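Colleague: Below are the chains, spelled out letter by letter.
2 protein chains.
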Amino acid sequence: IRFKRASVFQQGTKVIKKPKSCPGTQPSMLNVHLVPHTHDDVGWLKTVDQYYYGDRNDIQHAGVQYILDSVVEQLQKDPARRFIYVETGFFYRWWRQQDQAMRHIVTQLVDEGRLEFINGGWCMSDEAATHYTAVIDQMTLGLRFLNETFGECGRPRVAWHIDPFGHAREHASIFAQMGYDGLFFGRLDYQDKARRMKTKEMEMLWRASDSLTPPMADLFTGVLPNGYNPPDGFCWDQLCNDAPIRDDPQLEDFNVDDIVKRFLNVAHAQSEVYKTTHIIMTMGSDFQYENANLWYKNLDKLIHYVNAKQSNGSKVNLLYSTPSCYLQELHNANTTWPLKTDDFFPYADDAHDFWTGYFTSRPALKRYERLSNSRLQTCNQLEVLGGRRSRKGLFGEGGSDSMREAMAVAQHHDAVSGTEKQHVAFDYAKRLAAGWGPCQVLVSNSLAALSGSDAPRVYCENLNISVCPLTESSPKFTMNVYNPLGHAVMWPVRLPVNGTAYGVFDAKGSPVDSASREVRGHKGYAINELVFQVQAPPLGFTTYSISLLQNGPPPTPLENKAPLSIQNKFLKVTFDPDTYLLSSLSNLETKQTIKLSQNFYWYNASAGNNAESRQPSGAYIFRPNSSTPFIISKMIKVDSVKNAVLQEVRQWFGPWVTQVVRLYKDSRQLELEWTVGPVPVGDGLGKEVITRFDTNIRTSGLFYTDSNGREVLERRRDYRPTWDLKQTEPIAGNYYPINSRAYIKDKDNQLTVVTDRSQGGSSIADGSLEIMLHRRLLYDDVRGVGEPLSEPGEDGQGGLVARGTLLLALTPPEKAADLHRPLAQSVTWSSLRLFSGLHAALPPAVHLLTLSQWDRESVLIRLEHQYQAKESKSFSEPVTVNLQKLFSTLEIVGATEMSLGANQWKDQMTRLDWKTSSGECGGKKIEGISLHYSIKIQALCWHCADHPLEEQIYNELCPVTNL
Amino acid sequence: IRFKRASVFQQGTKVIKKPKSCPGTQPSMLNVHLVPHTHDDVGWLKTVDQYYYGDRNDIQHAGVQYILDSVVEQLQKDPARRFIYVETGFFYRWWRQQDQAMRHIVTQLVDEGRLEFINGGWCMSDEAATHYTAVIDQMTLGLRFLNETFGECGRPRVAWHIDPFGHAREHASIFAQMGYDGLFFGRLDYQDKARRMKTKEMEMLWRASDSLTPPMADLFTGVLPNGYNPPDGFCWDQLCNDAPIRDDPQLEDFNVDDIVKRFLNVAHAQSEVYKTTHIIMTMGSDFQYENANLWYKNLDKLIHYVNAKQSNGSKVNLLYSTPSCYLQELHNANTTWPLKTDDFFPYADDAHDFWTGYFTSRPALKRYERLSNSRLQTCNQLEVLGGRRSRKGLFGEGGSDSMREAMAVAQHHDAVSGTEKQHVAFDYAKRLAAGWGPCQVLVSNSLAALSGSDAPRVYCENLNISVCPLTESSPKFTMNVYNPLGHAVMWPVRLPVNGTAYGVFDAKGSPVDSASREVRGHKGYAINELVFQVQAPPLGFTTYSISLLQNGPPPTPLENKAPLSIQNKFLKVTFDPDTYLLSSLSNLETKQTIKLSQNFYWYNASAGNNAESRQPSGAYIFRPNSSTPFIISKMIKVDSVKNAVLQEVRQWFGPWVTQVVRLYKDSRQLELEWTVGPVPVGDGLGKEVITRFDTNIRTSGLFYTDSNGREVLERRRDYRPTWDLKQTEPIAGNYYPINSRAYIKDKDNQLTVVTDRSQGGSSIADGSLEIMLHRRLLYDDVRGVGEPLSEPGEDGQGGLVARGTLLLALTPPEKAADLHRPLAQSVTWSSLRLFSGLHAALPPAVHLLTLSQWDRESVLIRLEHQYQAKESKSFSEPVTVNLQKLFSTLEIVGATEMSLGANQWKDQMTRLDWKTSSGECGGKKIEGISLHYSIKIQALCWHCADHPLEEQIYNELCPVTNL
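These protein sequence lines map, in sequence, to chains U and Z. Residues 1 to 963 (the UniProt record's numbering) make up the first sequence, in order. Residues 1 to 963 (the UniProt record's numbering) make up the second sequence, in order.
Treat the hints as calculated values from the structure; they're not laboratory data. Some hints here could point you the wrong way.
[Unchecked claim] Within a straight-line C-alpha distance of at most 30 Å, the following computed DSS-like cross-link-like pairs (lysine-lysine) qualify:
id, chain 1, residue 1, chain 2, residue 2
1, Z, K297, U, K301
2, Z, K77, U, K297
3, U, K301, Z, K637
4, U, K572, U, K665
5, Z, K77, Z, K261
6, U, K815, U, K726
7, Z, K870, Z, K915
8, U, K77, Z, K297
9, U, K745, U, K815
10, U, K591, U, K747
11, U, K261, Z, K430
12, Z, K747, Z, K569
13, U, K665, U, K508
14, U, K595, U, K745
15, Z, K261, U, K77
16, U, K261, U, K572
17, U, K77, Z, K569
18, Z, K915, U, K297
19, Z, K301, U, K430
20, U, K815, U, K591
21, Z, K301, U, K297
22, Z, K815, Z, K591
23, Z, K747, Z, K665
24, U, K301, Z, K430
25, U, K572, U, K476
26, U, K572, U, K591
27, Z, K508, Z, K561
28, U, K430, Z, K261
Just so you know, these numbers come straight off a predicted model, no measurement behind them.
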């Protein structure tokens, strides 16, 4: 194959470089960059479409269609005016409704830098509850639209995460690799901010990866002076009540002198805490600029009257600007910047106000989002593998667009975060469900095309509550299993059935071990569950045939006595004979054992009525009113089952907490399937439910949590790496987000927990690891959502029941990654259906991050080295992939290397270089943050290398660097 | 003199007739005229300038500058769009701030009828508490600006009183005489509205004068369907929460079908209660269109989608329109209309919700407004009489503009009405006081120029509380008295002094009777008051010299006993020997006597907590919780004084109600000076204080009140002339506004009460007449003002003390007008300082309504026949005025006849003709509503005749027609 740029990719893009449009500044003065902006939540108190249209203004006055109408109108009035727009999900909706004349006007404004896109993803994603795969997808969706619509002038240079409640290092890493030159945000710990203001460290260089060679993941990062709001007294939006500039001397209350004086005071005060002679002010806020005239009319006057003072010797210069113009000036200042290597979690805005509740809020939505992510990947892949007949085929018109957009919206920082109103949470879920509709058609079409079988397929959506009418009633059925991973993985399958014994056969007709056992508390018609393990080929599907052998009750009734232990060839778990709780875990291969006890507890959520602070727990904020959680039950009831496929101990902790401890025959991890809810609140106490593992591992205050499912960061109790923490909330102040895994370890033992969704967790005592599973609260936490977090149950009342699994692994620390990396991927990218798309499995270290139809003639592929530097002796090493031979149904005719966001040719991507105060780093121009192969394919080998592209393509190599 | 049009008057006006710009309609369909409009209160919850700038949006979101910015912007986007603007006081502020380019755009929009001025006065005046002179002035101020700025295309054709709380017949008469073709309003009695809807009488011809020959005061009048709001569910302003039209099928909640269906239902329902195939909908409301895009974008869609149904047979046609275009279509319908001859007072919007409290609310503001009106007339006149040196003279730069604008603003229906927030009431008063500043300078300049004396003049502003440092401390001083009336009038003067005896001499040096007597409860240094009567020449000033003869306490100490009677040569008053209250009144000239008792009472204001209704009394609404008022005191304390000038009986009813019964030597009326306040509310009861006169006059349920100080209307208890009243509030439902006078009569006796401000009053029992003087309330009445009406006292706390006078006259009915007409004028136009401007006094029937500098070379004069038809045998007759010889300092070189609003040549004024259902009337074109002479003068002879203009000028005649 020859390296060439796929011409189709350029469709709609312009590569004419426009002259820099940044406004002039005054070198000898303090330059105040006024940045008009709006912050448009892609759903929060209203649904995304309610926000777009300005519907339900009784809930919140906000209408994005009008914001864009108005801003475009006002920008035309004066070429000096600037505006930035952030959320492409909204902009896309608006653009579709504009006529050619308006599109032309907007394009010109973009070309001239008067309207600038910033961030540019579909939404401004949450950083604590998102998985990196979905973040990359949502960014790509937005950036692609901008690229195809506006070309280079529409490409964001600055990441703008002004609202998310804490900042993940992985997000910074992704932004760096997507070619962004800087990141600005608004929220960080109040102690951190105070220190940074004192030491002028509000702006810094963030080194956002342990694995990637600097400056690959280095990102200039600025903390905005006032969140993302204008200075007090200078908010001129229709949503604000600040006095307008009243400059007509014939009318009452002429206030120009007062306004100018107050503004100069603000500007001077701000310049005291920043390094350069440039400062930035965010002139806007949530859903502002619906009537942009108010803002611009007063800003025009402000600039005029403040700058008029220059003739009297004032040294303050105001200008309309944008974050990228401001960033350019910082870069031109040619100074050094402090280096940051940890992250910005947890976020507290006051001593008792830790935003660590939302790490867990709405656990069911968080799981549904993760499941949907897996479905989107499957949908994407089968669209590629099945070819054109996937979109329009035997079962009608299918597609991945709705699912992609629904997932992109769900990444918003008030979506998967769980901090939206209930009706909006329902809307997100509805969108995901609706998105899955066309994907189901697409998958059916694709499977039909690939398998040649036109049998209609049934999707059982309620397996989580053991409901599937087909399997419950059919004496004979087949099951397709699709594996979206590049490796073969074994998944357990549990199907609701009414028979006692079934024959299960794989695609070759070989029998598969299976067992049927009683369903406890079944919701549907099924009294039993049929259990077996399946394996599908890499990036392909297989078919299992199941036929009823015997009807009636399950062959082995449940035992009401607890076993003292369960084990397979890899693991042994023991239980306390008195309490029936877990007591130890052993890895039989490595012959290591730890003491391990586990129970469920609830923190009593603060009602906001104690002396220290009026802050209650809410959707955002976790604040227990005591550091000692209440135990659900010291003694539990159990029953158990054991058959050829698995051993289960079912633990009953009380009417609203149960758990199944499950060990499959061939599994190296222990599965704990927890069920929590409806959490009772009849006692007037809000409850935040955790499970806690207590071990004899000597953790010395350390524990580990992942960042957006990618790299893992070390955490230390009551400690922050960059400032002398004054801990004011011993529990909530030690909580961190867990997106896919957390672990504790000492030199011998590492206990890793892999989660099936994002959750909050901590290690409050040495040897202990706790994970918050569910929350039900009685008070709003006064951060705007205006509702207590109390999700209704299935009947619209009561409380929501949440169910999930934690996978436990015990290994030596140096072998932990070999297990948890593939395990977490298989949890995140779960299976669905046979045709081997890959000629061969990918090497174990490589994850097929993206396989997605780009347009009719090209495909986007991202390959990822899934291990972190040094974490695995076996796999944290360069690895070779034969890209050409990878796909059986694709003829690869060319490849183009792209940025991570797929909105730029990699070799055209340049980023600003920054000096740190320690003199580190400072490469002039960053080459090859990532590799992106495009063939009839645009592909990316992520976390790979910066080797010359052509060489790699010809060599078909994708080595991991610096590992 | 030759009749000619003063060329200066045409300055800035355009007389090019533009083609009619009304949109096309569909003759075979129901045409729905959608009228985009904003209703911008010239002060209410915020001050007028706060509203203009959009300041204090915490109180109410409203910014008129942005409304006009936005509407002009949006009108440019589509020539089909229309907008009407009403309040010239606001438009003027905005216009001044616009550059030439914007002015050009706006002028073009006006020329094309896309922006249409409606009503066009400085404000939308109140109808219950205003005096006709001030209404004409404020209308003239606004219309003049429109005329000079936009010429004919800016001239309003329609009066638009959508918000005032009841409608005065005199207002309709004024509008007719100003050349308006129609009046639309929103508020009328709910029973009246229900009946009119049933009988399709929502639109009518209002015959608004008993005196003027029809159709001179005939005015087409329409009741709007929904107040001035859009139909429920179709409000798309940023202040509304109705669902926008969501017409993108790719987004959630597509609602076009639902919206169209609902709209068609509304339109059909509305067409059921109107006569023609045209209906009007007011698409806007208070301070709407600040972001006009929201409205127009959705209206565009509404029109598009509803009219699209025509292709499926729908017979409903939507169009952007204006009231004048709608009116034109009604006129074209060539049908007949019901005739209305009474007025629309009182206004009730529910059974217990009578808006009759504001007739009296804020009595001190109402008096200050009336006093300011007098000052403005004086200022206007002296500006003319003193020539150029008035504006810029010995005492600096003076002017009448501020006073004129302050008075214009004070006419607003939330200004003099008393229905504004307290801080806004203060602002109105402040403006009036500030306006008086330049007028004082002008008056001083003018007097200096006219008299040749450059002595500095002191204005004693606190005579109402017996404070004037100059008179209190000077042993010798002079006093100028200016008489703004065209006739000589005698006024009593009371000056605070500390001497016992003074010599008072008139301008010729002749001594004048005077007396000094003790001040009760004096506030300043003065212990005595010097009393004498003054007379100034018509439209001129005179000087009195006062010198101290003897210091010390007053010569005649107060008597602590009540006299049994007081009398002069005209009147005799007797007092009850037991209660000391008034017992009879006699006219000694006509030898008639009536029993007359008087006392003060208070109605207990409803707190809104009774079973019938939750409506409390408030700034707007009067609702006593019992029909029986509480008496202040059955027995009173008195003292009295009698001297050469007057006799006084001072009555003490209690700690917060006192009265002085005063009879001057040469007076035909009895003066009752009441002082009420601070009204105590410590008992938790709101109080509405009245005084009531009970007589033996056989009134048979009838009583009489004036309309805006001009014509008098008959009232009948528990009765409305146009529908079968169901009386639900026996007190409040019988209250009517009294602007200058009220009377009761039988065939022999008429008791007339002349008031010094607007008040509410009624006759609840035969022979009885009550007037509400003051109100202090504890609850808001839920009509938006959001404050209980409880005015603070001087110290900002406590309650406000109000003081005023009622003048009582007893006459035969047929002679009453001869007394009350000049009396009311002298009360309204009180005196201020010598130089006879008039060569001769005007005939008694003629009032010099306006003498005001128009521009450097012309003067506006309005002459008015002040009598109503048939009310006076002596004066309700044609009268001749020698205009040429009237003014001593003016050389009259030409005169032009104008409309009453002075915005149009009278001979160019044409109005639409209308047919009534009884077949009455219907003159094709109305000629000469009024006469308007312009010389170096633009003059108007109002309530005069429609004789040919030139003839009148040569004949110098101004006869009253139809009297």
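Colleague: Which of the listed hints are broken here?
Modeller: Of the numbered hints, 3, 6, 15, 16, 17, 18, 25 and 27 do not hold.
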